[in-house]
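Colleague: Let's have the full structure, built from the sequences with the hints guiding it.
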Amino acid sequence: MSPRPYVRKIQRSWWLHHPRYVVYMIRELTCLFVGLYCAMLVVGLVRLAQGQAAWDAFLAALCSPLVVILQLVCLVFAIYHSVTWFALTPKAMPLMIKDEPVPGSVIVGAHYVGWAAVSIVVLIAAGM
Amino acid sequence: MDVIEVDIAIVGAGGAGLRAAIAAAEADSSLTLALISKVYPMRSHTVAAEGGAAGVIKDNDSLDNHFNDTVSGGDWLCDQDAVELFVNTAPLELLQLEHWGCPWSREAGGKVAVRPFGGMKIERTWYAADKTGFHILHTLFQTSLKYPSIRRFDEYYSTDLIVEDGRCTGVIAIEMRSGRMVAFRAKAVVIATGGAGRVFPFTTNGAIKTGDGMAMAYRAGVPLKDMEFIQYHPTGLPGTGILITEGSRGEGGILVNKDGYRYLQDYNLGPPDPWPRKKAMELGPRDRLSQAFWHEQQKGRTIKTAQGDVVYLDIRQLGEKKIRERLPMVRELAQAYVGVDPVHAMIPVRPVVHYTMGGIHTDIDTATSLPGLFAAGECACVSINGANRLGSNSLAEIVVFGARAGREATAFAKANPKSGAGGKAGAAAQERLRELFGREGGNDTVSGLRKAMNDAMETGAGIYRSEDTLQKTCSILADLRARYRKVQLQDRSNVFNTDLIQTFELGCMLDVASAMAHSALQRKESRGSHQRLEYPGRDDVNYLKHSLASYRGDEPPSIDYCDVVITKSQPAERVYGGAAT
Amino acid sequence: MSETIALEVLRYNPETDNEPSFQSYTVPYKDEWVVLDALNHIKDNLDATLSYRWSCHMAVCGSCGMTINNEPKLSCHTFLRDYRGGVIRVEPLDHFPIERDLVIVMDSFMDKLSSVKPYLIPKEDKPLSTGEYLQSPGELQAFHQYTQCINCMLCYAACPQVGLNEDFVGPAALALAHRYNLDSRDAGRNARAEIVASNEGIWECTFVGACSQVCPKNVDPAAAIQQTKISASVDWLKDLLTPRAHR
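The listed protein sequences derive, respectively, from chains A, B and C. For the first sequence, the working numbering gives the first residue as 180, with consecutive numbering after it. For the second sequence, the working numbering gives the first residue as 721, with consecutive numbering after it. For the third sequence, the working numbering gives the first residue as 582, with consecutive numbering after it.
Hints are computed from structural coordinates only; laboratory data are not their basis. All C-beta atoms, glycine included, are put in the ideal place defined by N, C-alpha and C. Check each hint, because a few of them may be wrong.
As the list claims (entries may be wrong) - Distance ranges between label pairs, derived from CB positions:
hint, chain 1, residue 1, chain 2, residue 2, range
1, C, Val668, A, Cys210, 33 to 43 angstroms
2, A, Ala296, C, Glu652, 20 to 30 angstroms
3, B, Asp801, C, Asn650, 53 to 63 angstroms
4, C, Ala768, A, Val285, 27 to 37 angstroms
5, C, Thr607, A, Ser298, 58 to 68 angstroms
6, B, Leu812, C, Lys704, 38 to 48 angstroms
7, A, Gly214, C, Glu652, 26 to 36 angstroms
8, A, Gly230, C, Leu745, 42 to 52 angstroms
9, C, Thr607, B, Asn1163, 16 to 26 angstroms
10, A, Gly214, C, Leu745, 14 to 24 angstroms
11, C, Gln604, B, Glu827, 52 to 62 angstroms
Unchecked claim - Reference listing, derived: stretches of chain C covered by chain A, where coverage requires no fewer than 3 residues with Cβ under 8 angstroms from a Cβ of chain A:
hint, stretch
12, 668-679
13, 740-746
14, 783-794
15, 802-814
Modeller: If you want it as structure tokens, here you go:
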């Protein structure tokens, strides 16, 4: 009598079967919106290279209500992406100072400080 | 029946079995080894051992000290030539584990650290936090993966030894995933199947500790030695019996009764001195501590709980940092299973069956009276533990004698080419299985008989025994063994039939229990962990001997005696605590 | 009438069933009982045909992993009191074939564990006569958490990548490789890299993190894998920039 193990096939909807997987998929989804916003920035660069008129048209397009909403959605997803990324950094880079582990909160905090610093620089450069 | 030909078959893949396999593989990599276990190796009960493994390495210690502690701890029933070999070899074996990656806890300078342990006048217990058995087992299992000559047969339940022309030439086993029976034909067989704590109802032992290997050897004509000596570990959790390591007392824990009184001082174990703890009260030998509990219980000074009477283990004075570093598992276990955080509250504990000092009679080279059959670890009785085992000697024992068994089995296999066809043993085993599957009309269940056996053993063969209680237990066991012959399977399937396995395990336990009870009945003295109410003292004139229980089928075992090897240490009084020099 | 609690247990006998199905049982409710106690009660008193693995009952042997109310857990460490008043659904661990009832086929796990060379590979032979390797408490601390794995496979049940790709070496095996890579006595990182730093190794991981969430011993295999990704990448870069003196 040879045993016949039962193989449970994984379903396409596997990620709906537990909240932790849904949360994971949302995190993964953020890359689409981050990518989309990057694409928009590339388009902006191209328009800039094409001259003043093209650039102004680009800026005007950015102000249309639909595109503003899109940008806000991208912003929310980008923030979520960054927040979840920062939260995971202590796992990937555990730090030891003099044989004592550096607390995770310090590593995460350092990332936020860095993010804030870069943001300030960018905002100043943008003339705000 | 399928036949698998190998050079050496090792039954049991815990610490001793894995060490034997590695030793055999290193001795001669051309030999084929079958490592047969009813569970995957990581599940073996070695994994649950906590406190540590003893080996002399520090300057303030000596081999003679370890020798003397062990012999007196065993109440002079240890074979002193074996103890000498053991203490000499233990440090090397523990070092070998370190070289294989075992994460021993360290001193500041990087050397291996040792901690005080019960019955040891000088600290020599190597430890890996409070999960030493876990780390030793995983180190051995992971190391064993390096040797291609070790073929593992995981989840094969061994039922019988193959004996031909007075020699052991293999073992019959059931492949659990299919139910098919297989004959392993080998030139040498090593049994390393562990002890039999599940014979009792309250035990630290896991489900698998059912004495299978002991029973196999016993039925094949090898006597079981010193079976009356069963160790109660003083600190198990009530209800589950989960082990709370002696290490917690080694680090400074104390035991108190319902009045908050350190009661051990009433039993010649005092004084209740503070730190340093080497000869401390709570680090007395396990038999004495468990016996003290029994006396406190008789005096009504234990605490009543829903899971029975307990005393308290108090480690609050160690502080949170030390508990986190040295006893993290103790904290986890107390919190999960009795809802107590030992940093802030006392842990309820009681003595629970923990270790089988007795076992398959072997000589100093792990050989049994059956040529070709070797045994090592808790299932064997060399004897280095005598009437009472000191904590942390067992984890050292399994590697010392496991390695020895592997080498001896290799030498035997090379010197003795196989003969015989093995057909008869196979046929008998197969017929027995067929009969079991076809049996009808039984009134008993395996679980019912098991519970009756547990109750009989706890009542009659517990910490304190008497002629009456033992006689009663012996006759209950005889009745249970007869009823066992008629018990029917409730599960008659072939694939991973755990009802079948539990039925076999019960048969092994009943045979082993019978050896335990009858050996206890015949020993009319008190020594170590065997205490007779009507014979309260040690009788070196008549009983400085090992008991030997021989299988007589359905009849009770015959009990004979053989001499203890005494070399350097003459029997004296066992003295602990402040009175000890 | 003392309190009881209901269990629904997934049963499967390959000799009689085409597929698994649930069977209901009612067991006594006791505050201190775990799901394993309930299963033992069923086997001893109600239905001896139920098959499952267990041994130590103290969360150290790793035998009793099961899916309990959709969560991978050790049945000896899952308390009835946390499910009081409800139904407890017990199934075998996900992502493994079912052999019988709650018993899974774990061959793939054993193979994956062996494949990462989970044993000490020292730089050179050190005779026993020279004593122990010196290892400071700090050096021990560096890898200690990764030694805690009890091989219970809850992480494999939780990891969707294990479910989606049966060749993925998986969290426990990779954490064990990391344990040895971090051990100051070991020099085997290169030897392990072939499997560990392969596509079926660390690079199959997308840091879902479920493995670390379900691990009963706080091994944190997710951390082990991400750290290995960094060290493997650094190794790769070093190899690229400097020619290797040996292969």
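Colleague: Under the constraints set out in the numbered hints, which ones does this structure not fulfil?
Modeller: 2, 6
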